[in-house]
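J.: Sequence:
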Amino acid sequence: MANLEFDEAKPEPTRKERLFDYWFSKTDRISEDIAIELHKRNQPMAPTVVLIPVAAEQDAQYIDKSLGEYARQADCEPFTVMLLLNYREGQANMDVVEACVSTASRAVQKYTEHGLDVRACVRGLADPTIGE
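Numbering-wise (the numbering used here), the sequence shown opens with residue 58 and increments by one.
The hints are simulated quantities; they were obtained by calculation from the structure and are not laboratory data. Since the model is a prediction, treat every value here as computed from it, not as a measurement. Just so it is clear, CB atoms sit at the ideal spot from N, CA and C, and this is done for glycine as well. A few of these clues could be false.
Stated by the list, open to error - Taking CB as the label site, the calculated pair distances span: (1) 155 - 122: 18 to 24 Å; (2) 171 - 146: 29 to 35 Å; (3) 105 - 166: 18 to 24 Å; (4) 70 - 156: 36 to 42 Å; (5) 134 - 169: 14 to 20 Å; (6) 70 - 130: 14 to 20 Å.
With these hints in hand, go ahead and build the complete structure from the sequences.
T.: Below is the structure:
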């Protein structure tokens with residue numbers, strides 16, 4: 058007689074788990090602490106997530122304008138905007154990076170007050186891959 062084994066039914070992954078799985082499958086440079094930092098415990102992420110990598114050494118001037126464009130779309134299906142400010146560890150001009158972080162913080166506060174779900178974090182990358 059055959060011995061049949063059945064796997065226990067696994068629950069469907071949550072939206073957060075699917076996002077994290079996708080995110081981690083694309084790059085090993087983004088660690089779990091970034092995902093946790095972007096996750097607001099008091100406000101769940103929307104069904105649609107927009108992930109915007111920002112080169113902190115050169116893209117500060119685009120943050121406010123970009124978030125403004127997303128804010129104009131806030132009356133459609135709910136979405137969450139995530140800014141990942143990144144810089145090259147050991148090679149970056151940290152004054153420029155800090156200015157970008159300040160710009161991002163002001164923009165996040167401004168557009169959050171206008172009803173846009175915006176989250177941001179900043180990380181140095183030891184060996185960034187550009188162009189992939």
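J.: Now look at each hint and say whether the structure bears it out.
T.: Right, here's what the structure says about each hint:
1. 155 - 122: 18 to 24 Å: holds, 20 Å
2. 171 - 146: 29 to 35 Å: With Cβ atoms ~34 Å apart, the hint holds.
3. 105 - 166: 18 to 24 Å: Between residue 105 and residue 166, where Cβ atoms are some 22 Å apart, the hint holds.
4. 70 - 156: 36 to 42 Å: holds, 39 Å
5. 134 - 169: 14 to 20 Å: holds, 18 Å
6. 70 - 130: 14 to 20 Å: violated, 27 Å
Checked against the numbered hints given earlier, this structure breaks only hint 6.
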